[in-house]
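Residues per chain, in single letters:
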Amino acid sequence: MKLAFSRKHLCIPYAVFLVLFVIAPILIMLYYAFTDSQGTFTLANFGKIFTDVPTISAILTSLAVALLTTFLCLLIGYPVAYILARTGMKSSSTLLLLFITPMWINFVLRINAFKEFFAMINLLDKSAFFNTVIGMVYDFLPFMILPLYTTLIKMDKNVIEASQDLGANKFTTFVQVILPLSMPGIISGITMVFMPTMTNYVVSDILGRMQITILGKLIENYFMQNNWNMGAAISMFLLAIMFLFTFFTGGFKNEDNTRGGGLW
Amino acid sequence: MEDKIIELIGVSREFDTTLAVDNIDLYIQKGEFVTLLGPSGCGKTTTLRMIAGFEVPTSGKILLNGKDITKIPPYERPINTVFQRYALFPHMNVFDNVAYGLKLKKITAVYEDANGNRIEKKEKLSRNEIAEKVSRVLKLVDLEEFEKRDVNTLSGGQQQRVAIARAIVNEPEILLLDEPLGALDLKMRKDMQLELKEMHKKLGITFIYVTHDQEEALTMSDTIVVMKDGTIQQIGTPTSIYNEPKNAFVADFIGESNIFSGTMVDKFKVKFINHTFDCVDDFPLNEKVDVVVRPEDVVIVKAGTGAVDGTITSTIFKGVHYEMVFTVGKTEIVIQDTVEHKVGENVGIKIDPESIHIMAKEFVSNVYDGYITKKNTVCFADGEFECDVTQLYPNSHLDDEGYLITEKGEKIDLTDVDVTVEVGLKDIEIIDNDEDGDACGSIVSIIYKGDHYQIIIRTDEEEEDFVVDTEYTWNENDRVSVKIPKDKIVMKLKQPEGAR
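Protein chains in written order, with numbering that gives the first Met the number 0: chain A, 0 to 263; chain B, 0 to 499.
Hint data in this document are derived by calculation from the structure and do not stem from the laboratory.
Cross-link-like lysine to any residue pairs, in silico, SDA-like; alpha carbons within 20 Å at most:
| id | chain 1 | residue 1 | chain 2 | residue 2 |
| --- | --- | --- | --- | --- |
| 1 | B | LYS102 | A | THR171 |
| 2 | B | LYS123 | A | ASN168 |
| 3 | A | LYS169 | B | GLU54 |
| 4 | B | LYS121 | A | THR171 |
| 5 | B | LYS104 | A | VAL174 |
| 6 | B | LYS70 | A | ASN168 |
| 7 | B | LYS123 | A | VAL174 |
| 8 | B | LYS102 | A | ILE159 |
| 9 | B | LYS493 | B | GLU463 |
| 10 | B | LYS104 | A | THR171 |
| 11 | B | LYS102 | A | LEU178 |
| 12 | A | LYS156 | B | ARG84 |
| 13 | A | LYS156 | B | PRO72 |
| 14 | A | LYS169 | B | HIS90 |
| 15 | B | LYS373 | B | ASP399 |
| 16 | B | LYS104 | A | PHE170 |
| 17 | B | LYS104 | A | ILE159 |
These stretches of chain B come out as covered by chain A in the derived footprint (C-beta under 8 Å, 3 or more residues):
| id | stretch |
| --- | --- |
| 18 | 60-74 |
| 19 | 99-109 |
Only a predicted model underlies this, so the values are computations on that prediction, with no experimental measurement involved.
For glycine and all other residues, C-beta sits at the position ideal for the given N, C-alpha and C.
Working from the sequences, and respecting the hints, build out all of it.
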């Protein structure tokens, strides 16, 4: 048999990677999630997610942190992205860079610096929850601004002018045209912020001084206690949420570049 | 006049340092179909955008029905626009796109209360009224079945119709159309031209149409406004613009034309291509004029029987006619005729006096395209001249190395910078030999102007003309060179192409 090289063979390394580091781990996790410590099939792990008080509390805390963080990021990020994209400022690319640069600095370092800053202004001991939210906003704001910015900068100026031409003032134009047309960026930004904030326990550990447990922390705890089954079950639960979210926001449609303007 | 619907008075628009629209005066009558025509960058779109309200004039006033609307935002003007790339709302279907303006519209309704008092109320149109208006207008543009369709699934022509429907459904006083057919293919464009014309007749709305396509302008308009470099060149009906172009630019831009430099040699007699033709325009004796002859107005006859004899040097079949190039000496004349003449054929040509259009030549000064060289001299018209480059930037000076330092201290290398050079007619000195001047050529024309001679020196390679007013006599065909004093060379930086 002759070994003929075809372009198809170029994807072999990636396929190997995919099997080893994506598919296999998921299968292993699935195995642990649906078995008990003896290795027999059970649904108890999932049952526990919805009955165990610490777990429920962690889920609720995570949701609260994630929702509030996402909301604040959107509230701060949209005007910033809008101003950067639409006012034709000469220095807008420099400003954008300023907002993005923190992403390039190691975030554990950043959060620790933030902690010192919080301690300095005597906020660190106040509320573990709000400290966590503020830290998350600080950390994830660029992930909200970037997709919004890309969507807004690509928006057809003529469409906005058409709206004004047809009698809509600036506010109506924003509500009727600009906002709906920036939905892909908003969804992309929400996905980029909401999902990681559910699990990013580095922020909650450092700024919440271990007084607040979010889902990521819970998973870690279970794995540290050698309860792989529970840890895997919660991970699967999170994966399902993300899957559903992406499904309902149209993230699986590959027809256009709506997802944050192809940035992500 | 009463029926002026819109009037622009001394309107200018500057972008950074570029003057896109330069002090134009224009009025448009109610119900007219007016086309702003010109090459890209001539200011026609900027003019339209100022009427729409998207741009505010740097100076000047815009009146709508006699009322100043210069600073009124677009959403408060009874004017709607059809955009070049349609600009439909991609997140709405056809119905919602068309209904957009209607949903925002508030009309004044008059009621009588129980006591018989008149009460005026601003109210929105009802759902039914909107639906009725939308379906009526969609019928007008032949899209009645398309109400629920996603606009992204429509073809270019259909999107165009939606854009038109969206604008006219609001019954604007003026409809602005910014090259609306530019993105359509030729066949579709022709159909839409006729449809738009038809629509204009039916609706009675004033149409202001922007295009760079002269044929489109001629087909559709009642009035054409020809623009160039932010100024209006000519305003007139299609017929008058085609038949009586005001200057060489208009003649060249509208339809194909042959433009010659001519001289009035007698009453109703003009000399060009070395022959004296009868004409119907009266200009002062010895005046230099531009002569415009349309290709279809040149008649080919047997050699020896026409006014001028020459050779056919090219023949191209164009469908309805042949386009032939007739060469006499160095001059080429484009001729359109339905009878083919083969390349190399010796023929004569005749031009009817009625077909010779004469326009005054504005020899105010010599204008050239030039560029700055390394040594801070300027090259134009086959020559290199010493000049003062500091005039290009106010309050600038040259440093020791020859770089230009601007007022703000910026260092600029002017090498290869394009400039427009202007030299006055009296500022050129003629020298009796080839070597001593900065550019050389031969004298192609001498005209006695009463108290001085106007001499035209044509350079050898680029065939650029130096027009010189001088008191001294020279002979035609003399070999001469020219010298221009440094301070008489006026230069301007060329504006970058496409700046609007």
